[in-house]
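Engineer: Listed below are the residues making up each chain.
There are 2 protein chains.
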Amino acid sequence: MAKAVFDNLSGKKIANFVVGIEDDLLGKSLDYDENFTIEEEGMSECLFYGLGSDGTVGANENSIKIIGEAKADLSVQAYFSYDSKKSGGFTVSHLRFGKKEIRRPYLINNADFLACHKFSYMEIYDLLAFAKEGSTFLLNSPFNAENVWNEIPVEAQQRIIDKKLKFYVIDAASIARSTGMGTRINTALQAAYFKISGVLPEAEAVKLMKVYVEETYGKRGKEIVERNFNTIDKALDAIEVVNYPSKADGKRHMKPAFATAKDPWIKEILGAVSRQQGNKLKVSQIPNDGSFPTATTQYEKRSVAEQVPVWNPDVCIQCGNCVAVCPHACMRMKNLTEAEIKAAPAGFKTAEIKPKAVEGKKITLAIGAEDCYACGLCFNICPMSKDTSKPVSLSWKQYAGDNDFHEEQVKVWEYFLSLPEVPESELNLGTVKGLAYKRPLFEFSGACGGCGETPYIKMLSQLFGDRMVIANATGCSSIYGGNLPTTPYSQRSDGRGPVWSNSLFEDAAEFALGMRLTSDKLGESAREVAAKAKAEGIAAAIIDKLLANDQADNAAIDAQRKNVDELKAALAKESNPTAKMLLSLADHFVKRSVWAFGGDGWAYDIGFGGLDHVIAGNKNVNLLVMDTEVYSNTGGQMSKATPVGAIAKFAFSGKETSKKDLGAIAMSYGHVYVARVSMGADMRQVIRAFQEAESYNGPSIVIAYSHCIAHGIDMSKGLEQGKAVVSSGIWPIYRYDPRLIAEGKNPFQLDCKDPTTTVEDYMYKEGRFRSLTGAAPERAAALLAVAKAHTERTWKEYKYLAERPF
Amino acid sequence: MAKAVFDNLSGKKIANFVVGIEDDLLGKSLDYDENFTIEEEGMSECLFYGLGSDGTVGANENSIKIIGEAKADLSVQAYFSYDSKKSGGFTVSHLRFGKKEIRRPYLINNADFLACHKFSYMEIYDLLAFAKEGSTFLLNSPFNAENVWNEIPVEAQQRIIDKKLKFYVIDAASIARSTGMGTRINTALQAAYFKISGVLPEAEAVKLMKVYVEETYGKRGKEIVERNFNTIDKALDAIEVVNYPSKADGKRHMKPAFATAKDPWIKEILGAVSRQQGNKLKVSQIPNDGSFPTATTQYEKRSVAEQVPVWNPDVCIQCGNCVAVCPHACMRMKNLTEAEIKAAPAGFKTAEIKPKAVEGKKITLAIGAEDCYACGLCFNICPMSKDTSKPVSLSWKQYAGDNDFHEEQVKVWEYFLSLPEVPESELNLGTVKGLAYKRPLFEFSGACGGCGETPYIKMLSQLFGDRMVIANATGCSSIYGGNLPTTPYSQRSDGRGPVWSNSLFEDAAEFALGMRLTSDKLGESAREVAAKAKAEGIAAAIIDKLLANDQADNAAIDAQRKNVDELKAALAKESNPTAKMLLSLADHFVKRSVWAFGGDGWAYDIGFGGLDHVIAGNKNVNLLVMDTEVYSNTGGQMSKATPVGAIAKFAFSGKETSKKDLGAIAMSYGHVYVARVSMGADMRQVIRAFQEAESYNGPSIVIAYSHCIAHGIDMSKGLEQGKAVVSSGIWPIYRYDPRLIAEGKNPFQLDCKDPTTTVEDYMYKEGRFRSLTGAAPERAAALLAVAKAHTERTWKEYKYLAERPF
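Read top to bottom, the protein sequences are chains V and A.
If you read the first sequence in our numbering, its first letter stands for residue 302, the second for the next number, and so on.
If you read the second sequence in our numbering, its first letter stands for residue 302, the second for the next number, and so on.
Hints should not be assumed to be uniformly reliable.
Treat identical chains as interchangeable: a pair holds within one or across any two.
[To be verified] Subject to a maximum C-alpha distance of 25 Å in a straight line, what follows is the list of computed BS3-like cross-link-like pairs (lysine-lysine):
1) K467 / K400
2) K822 / K950
3) K467 / K635
4) K568 / K1089
5) K920 / K1089
6) K1046 / K1097
Simulated from the structure, these hints should not be mistaken for lab results.
A quick note: this is a predicted structure, and the numbers were derived from the prediction, not measured.
With the sequences and hints as input, model every part of the structure.
Structural biologist: Listed below in structure tokens is the structure:
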């Protein structure tokens, strides 16, 4: 039954502004009026839609301070709502100004001013539903006032006409590029807001904005301040009013959510959540056990990149590096036949296979433009794109706003995905190039553009994704790993793929251990019942095959799956209790690869006690530590992995103690497989470490250097830092394999050479270290000295470990 | 107001059998009738008073099974209540047999049969208060039926006469000795119980006892079974009826509790608790903040030893070893003058000081017989008591029952304590001998006789006890460390001594860190306020002295205390607010030595996350890990410190993985002082490690090998195992001092030589390893091989660490 909500005092009907749960199972939810608003003299409400890390939120925090300080008689309120994507997500800034005290503890749904800072949102979100009649709408658009009308969906046109909006455009991206601000569009858009909202007189607003620029960037040098001033001035001149017709006759339509999904539940329910409509779902539409389907990020097609890489088949040497490092798995390789080439859509590129052409086959490198974040890691790792005086393998092409290009790329990518996979028997998965052909089972995650963690997960998913069971510690990897409504963990064509869960921050290792023990016990039971079944004359030949298969490689594992299918078929006919029992256990004949994933906050700090407990035991649990050297997900607090001299929350004047050596601790056990790796330094070593860790029948830990936005770096250069951390001797990469002890060999193998670059070379490319040199130069120098001494000492230790007689 | 308790159904007044709290503050407690009992046809109630680890509890568990199985028509109930002393404590077994279902969830207070297994209890506890009129009383007594009456206190005589008890004696200790049972008196006393209680016909009881002996000891060989059979038979013949007079005219009296305490609160309140009368105390008598005074075990004078060591001054070389290892701090050394020698009581022995006699002075070695546990560690470590074919320095003398000797020893000990301490300026505290003269501030603890942990604590108390602040993890050390009503942490003559607290099992390191931070902050505040005071012209000269004192040694610390006293005296006259503030902070000018104590369950397992967090930081916290390689306090569960091949709970078939190397983990940080020590191997190295750890201004951890009853060893040989674990290469002792790095020296110093004994030599002297060789010889051999390989490998690593170029 729907119920109205009444005011306790007046008895008048009021709305419930907290968008309620529609409980269609127990019928206990309350009804509410979606359009209810309270009018108030002098109240101004503003909404800003931004892309995470585009600076919208920071600029609005800034604006609210400017306005609050300039107008002492105004009350101000700001609230920021986000999805749970890392940077690159969906942000909404809710700003209110009122002449009376503001008592509105709810979001804005009838705005006087509404800005959309991301043009592609127009075809995804029905933002204008929240604009008040006669209000102002500012759109950041690559199209000018003359052309923009036809580029927005007809649904938006109708809203603008119906609500009689004052419609403005500005091309903030091109202003930011022209003034040297890169992708930071916030300053331009803030200026535009002040100009057209009229909340402050323009001259006063400009003056105050410039004061804030001084305060915020003054320390970082005059040049940066000037750039911002210049941006403000340019922006004020670049705003255009859009004069629009009285009839909506656009050809474009809003994109239906998850259009490519075949499962109607995914399309409707998850699609609604993805369009910020999740609160409107009914209780009966939600999974009753909390399990969500995998392989759903593929339907998001977020198109957040302004520009995307394009491939030059003639220059590319087909090394596979770009495919390996792409954090979002939107660069892929396949070979295809002449017939397939003929059937390809326009824009589909191929090249002769290198180094030796193969008769009747060509190679293609596909780039999923809709899923690309334009992070630039592919450029950074490409050996053929460094020297821009010659033709390069990868180059940027404007994507946002170029609808023809967009549509071409959609078709190219769809065609690419429809092509058959290269058979695994033709691939050497121990090489970067071989792996580049293997379909990733982790794709299009909500991690930051250029994330240093996701390439590791993607690589593991290529190697073992069909049988992985993952316990994920809370942190970035749990956010982008289980980012409702979608998950980047995906499935190969037979539906197999990683199974994933997150329990807590602190217990991922124990959680994985529980998964291992369960799997082992069920496998043991399966073998026991199989022996009994065989003795009873049931399916003896298949059981023999099942028990004989050691599942030593992917082919053997796939063979075992066929054996299981055969067994199930045989057992389906039997009514004997042993046969029924065996049928219920049959899937446990196939081995599972159990992993715990997490960051350094988990592994070095909060979950260390449990991690230690798991490695102290002898169960086959694999641990991947994506070491960003800081609590990245919660905003950059110091962890025990934070290196000496780095600034972090709780270590504002630079961390005093050296980084904890988790690898050394793990190696002290002697029976633990341990590897330290860095994608930027040696990708092949990473692959080898993963393969060894997984094949070792005991606890394994792989500690992976992961660059991060928290380091204060240009993320497109992240892999260079991953290289420099190794070449400076700070992060020697190695593998410690206990199996070698039994062979009388040294279990420790150092995988890098003597340092060739300096410690400061690495450190001072990162804001976390560099900023201390400005704020406290003497302390910075002292901590650098500690870092250098520590590096020298530990390098010696590792060197000895590698060279000692064994 | 006292209130009666009424039966809900009948309305009749009934008693509250749970001995209540007497709440004299809020008056909310209920009154009860102490003597109320419920008579029931066919109900038999038995009480047995024993000394922890004398076998009483085990024998009673056994008896209840025998009776329960033999008499199917009987209901049986057993409950065992203990004090919180480790072995050597006070145990009461409550056994009931009834014809109806037993519904008595409370302790027995009116027994049909009462046995006292420890003769000295007669003068300490009023046990016979709980005997029913006409019931049977069995006393384990070194005196026979003819002599015993005059040896028991007159109060007990009166109870026996008043209650018309049937009184029997047996000398179980001498039977046990004569049949090769050592100190295990349980079998003899169980036989006596069955003979005189009449609960089963004698012949049937004897038969069943022998069946149980077979079941319990059969695996351990025929000889042990025969010994037990022989003990049963001898015991049955040795029981005597005591015919006693009708008038109590004994000369002996029960000992008043805590007779030597001067503080009336300690004497009355803590004394009452020590006599098992704590439940009778009123709420107002209990400390309102939970703090209890230290230095209270000295009043217990438990006299639990059957025999005690006596000193032969002629043979003794005065090395101080016995003083160092005595787990109960009841062996001590002092020098004394001729005048003091003259004033000494009878039995007080002295010798010329060796190696060089000192004019006018002699040495004495005193043995606190009332506090001795007869553990035998002093014999085991004494270089002059090994070859018993020659005169020895220490020999055993019967103590229990020899009242003259007892009284002589009381006087000797009292006189010894009254002698002045040897001035610290005359001692070299870095040597075992020097330290032997230093008064311990940890004494007479409730740890097991021969405990391998307490000598370490005692040694620390000698070195730093005057300024120690201790955070104790839960475990044996928290039980014997804070064993209400007494604590072994004591005070020197000026009242200074360790401050001690226990929080939880898992947080001792963090708890200590909190103490450190608090102390540091208060010290910092004291210095700040002192600077302000000086600027205001207050106590400038004293403040200068205070700030200039670096407190580098004990003398400087004592000088600082005098400075503080001077400051306080000066400030007491001032009314200025700065002076008042400084007065409140004055004590914080004296440095504190902060320690976390605990066992391996804490350090390797449950508290490891926190311990790691503390050592990862750079605060001056000292951690002592008393490593018994098993959860000792909770009954022997496997920890990560348990070595490969050892049997423990959760590792019944021998632990499969090697011991975790906590020292290596700590050393991996580089800035942590780390030492591994073993009292049995090198006492001087232990002292050095403690001194270095304490003086290092950063985190320090000392990992101390601690033999334990859980190892299945003859505890008197514990130190031999502490030696063998080092000489076999299993437990290399070392010190890692980060200060040496700054000097360009190798921070790692190995303090032992190449192995001279074998791994199995060490292992198979301990039941935890040996028993597997019987139960599963092949597995035992395999695990031994792992242990040997592990020892060889880790020895090499340590050897390298010591010898590497630095």
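Engineer: Compare the structure with each hint and give your call.
Structural biologist: Do the hints match the structure? See the list:
no.	hint	in the structure
1	K467 / K400	within (24 Å within a copy, 96 Å between copies)
2	K822 / K950	between (44 Å within a copy, 21 Å between copies)
3	K467 / K635	neither (49 Å within a copy, 99 Å between copies)
4	K568 / K1089	neither (55 Å within a copy, 62 Å between copies)
5	K920 / K1089	between (38 Å within a copy, 22 Å between copies)
6	K1046 / K1097	both (20 Å within a copy, 14 Å between copies)
Checked against the numbered hints given earlier, this structure breaks hints 3 and 4; the rest are met.
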